[in-house]
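Colleague: So you can see what is in the structure, the chains are spelled out below.
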Amino acid sequence: MLEEIIKNYLINTKAKDPALFNDPALQVSALELDSLDMVEMLFEIEDRCGFQLPDPSRYPKMAFREMLDDIEKAIREHNNGELPAFSLEAGK
Amino acid sequence: MAKVLITGMGAISPLGADLPGSFARALAGDCAIGPASAGIAKWLPDVLLASAAAEPHTMLDAKHASLDRASQFALVAAGEAMNAAGITPRPADARRFGVFVGIGFGGAHTVDGLYERFQSAVQSEGKRNPTVVHPLSVPRMMANAAAAAISMTYGLNGPSNTYSVACASSAIAIGEAFHAIRDGYLDAAIVVGCEAMLTPGSLLAWNALRVMAKPHAANPARSCRPFSQDRSGFVLGEGGAAIVLESAERAHARQQPALAELCGYGRSSDAAHLTAPSSAEQVFAMQQALADAGLQPQHIQYLNAHGTATEAGDVVETESIRSVFGDALQQLAISSTKSMHGHLIGASGILEFALAVMAMNSGSLPPTATLETPDPRCDLDFIPLQARHGCQVDAIMSNSFAFGGSNAPLVARRHPA
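So the protein sequences, as listed, match chains A and B. Heads up, the first sequence is in our numbering, so the first residue is 1 and it goes up one at a time. Heads up, the second sequence is in our numbering, so the first residue is 1 and it goes up one at a time.
Hints are computed from structural coordinates only; laboratory data are not their basis. Do not take every clue at face value.
As a list, the in silico DSS-like pairs of lysine-lysine whose alpha-carbon atoms are at most 25 angstroms apart [unchecked claim]:
1. A:Lys61 / A:Lys7
2. A:Lys61 / A:Lys73
3. A:Lys16 / A:Lys61
4. A:Lys14 / A:Lys61
5. A:Lys16 / B:Lys214
6. A:Lys73 / A:Lys7
7. A:Lys14 / B:Lys63
8. A:Lys73 / B:Lys127
9. A:Lys7 / B:Lys63
10. B:Lys3 / B:Lys214
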């Protein structure tokens with residue numbers, strides 16, 4: 001669901017080409033997100049998980065898959081190892 | 001000095017989703033005033049509002065959906081004005097094209113939304129973290145958010161300035177843009193006024209000031225009653241309005257017809273009281289605007305009054321108009337269109353100026369729609385109840401007087417004069 005939430009946001013709000021996400025080696029830098037885009041994107045997760053993700057400046061150096069794994073790791077650390085069931089619909 | 005022409009206008013107001021619609025409803029004497037939403041009425045049962053006639057986000061691209069409502073009003077009004085002026089994004093002279101915005105309270109909806117979210121999270125018993133809020137909250141609520149949105153949307157590289165001078169904000173934005181073009185610093189400008197603060201937080205604050213109208217027993221829609229003996233205060237409204245200003249040289253070069261010539265701007269400060277107006281400085285500002293235009297009082301046939309429907313405001317403005325116009329009052333028709341669209345605070349000056357320009361060009365003058373029993377101290381021709389048609393109007397004045405004591409009348413005349 002994490003991946004769906006982020007992809008939905010990037011496609012629907014930032015008009016990114018859905019075909020980009022077919023590439024398993026997709027780099028975050030290839031998404032051409034500026035710093036505001038990045039924090040907006042992360043808010044889609046933060047709004048659902050209830051805490052602020054640390055240091056978003058790390059993500060442009062990662063592959064898209066690595067970023068998702070990193071976010072999932074941070075969420076699990078805040079939830080005793082569990083990954084809560086997030087809604088695709090934002091809570092804002 | 002350059003002659004400054006108005007080549008496009010637009011508005012989204014309580015009276016209509018565009019300027020022609022707003023003007024038509026003003027001529028009909030329709031009052032766009034109604035009750036507040038249930039969430040507000042629960043706490044303030046008597047509060048009245050003049051909500052915009054359309055939801056601005058429905059008139060914009062999806063990418064503007066997250067902007068504060070005030071910025072959305074600004075973009076809608078600017079779009080209408082730029083279309084009317086035949087101006088497309090990224091003009092060749094973008095560095096000579098400025099953005100001038102007037103707004104009273106930037107980002108009221110964003111601020112209220114933040115507090116609502118915070119309170120909701122605090123009461124969620126740990127289910128939600130109150131400190132997690134949208135990262136664009138600051139860019140949404142900053143006072144110059146609308147100016148930024150317009151300059152980026154239209155690729156305008158000239159100055160993008162925001163004036164926050166309460167009820168005179170957008171009149172001052174018009175005046176400063178006018179002088180910037182007249183004096184050769186710019187060749188064109190889009191001027192916008194916007195306001196969106198019909199939120200619980202701001203209405204609580206306005207209610208505490210004891211200036212809001214009480215519901216009129218016979219018809220609550222007619223509760224804003226400027227210059228009336230039974231006035232009870234003003235009604236807050238929301239919306240936006242815009243005008244495109246160009247030097248005559250620029251407009252003529254591209255064969256763009258002009259709607260009017262903007263020719264006079266006065267400004268002064270009462271330096272006396274936070275909310276009570278001063279006639280002496282209003283008079284000075286109105287005389288300054290006439291002198292700026294090179295006109296005499298007898299040259300003005302229609303004046304859109306500030307006319308808020310507060311006792312102090314109405315009586316002092318009447319005294320000021322009487323002092324400035326003297327014998328010329330015989331040919332001066334005056335109205336307060338706030339009787340119909342309420343008080344749009346930062347957007348009021350430009351909306352009323354635009355309505356006055358339309359009145360000049362059409363010869364039809366909107367009324368003070370609720371003036372059934374005039375206050376004896378307000379004994380001028382305030383066009384009571386019904387519009388007046390077939391009038392020859394060569395020049396107009398529009399008054400804006402703000403809390404804090406700022407006065408900003410504007411003068412426009414027909415083009416070609």
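Colleague: Each hint: holds or not?
Modeller: Against the structure, the hints come out as follows:
1. A:Lys61 / A:Lys7: holds (18 angstroms)
2. A:Lys61 / A:Lys73: holds (17 angstroms)
3. A:Lys16 / A:Lys61: holds (19 angstroms)
4. A:Lys14 / A:Lys61: With Cα atoms ~20 angstroms apart, Lys14 of chain A and Lys61 of chain A stay inside 25 angstroms; holds.
5. A:Lys16 / B:Lys214: violated (51 angstroms)
6. A:Lys73 / A:Lys7: Distance ~18 angstroms between Lys73 of chain A and Lys7 of chain A Cα, so the pair holds.
7. A:Lys14 / B:Lys63: OK: Lys14 of chain A and Lys63 of chain B at ~8 angstroms, within 25 angstroms.
8. A:Lys73 / B:Lys127: Given that 25 angstroms is the threshold and the Cα spacing comes to 20 angstroms, the pair holds.
9. A:Lys7 / B:Lys63: Distance ~17 angstroms between Lys7 of chain A and Lys63 of chain B Cα, so the pair holds.
10. B:Lys3 / B:Lys214: violated (45 angstroms)
In this structure, the earlier hints numbered 5, 10 are contradicted, and the remaining ones agree with it.
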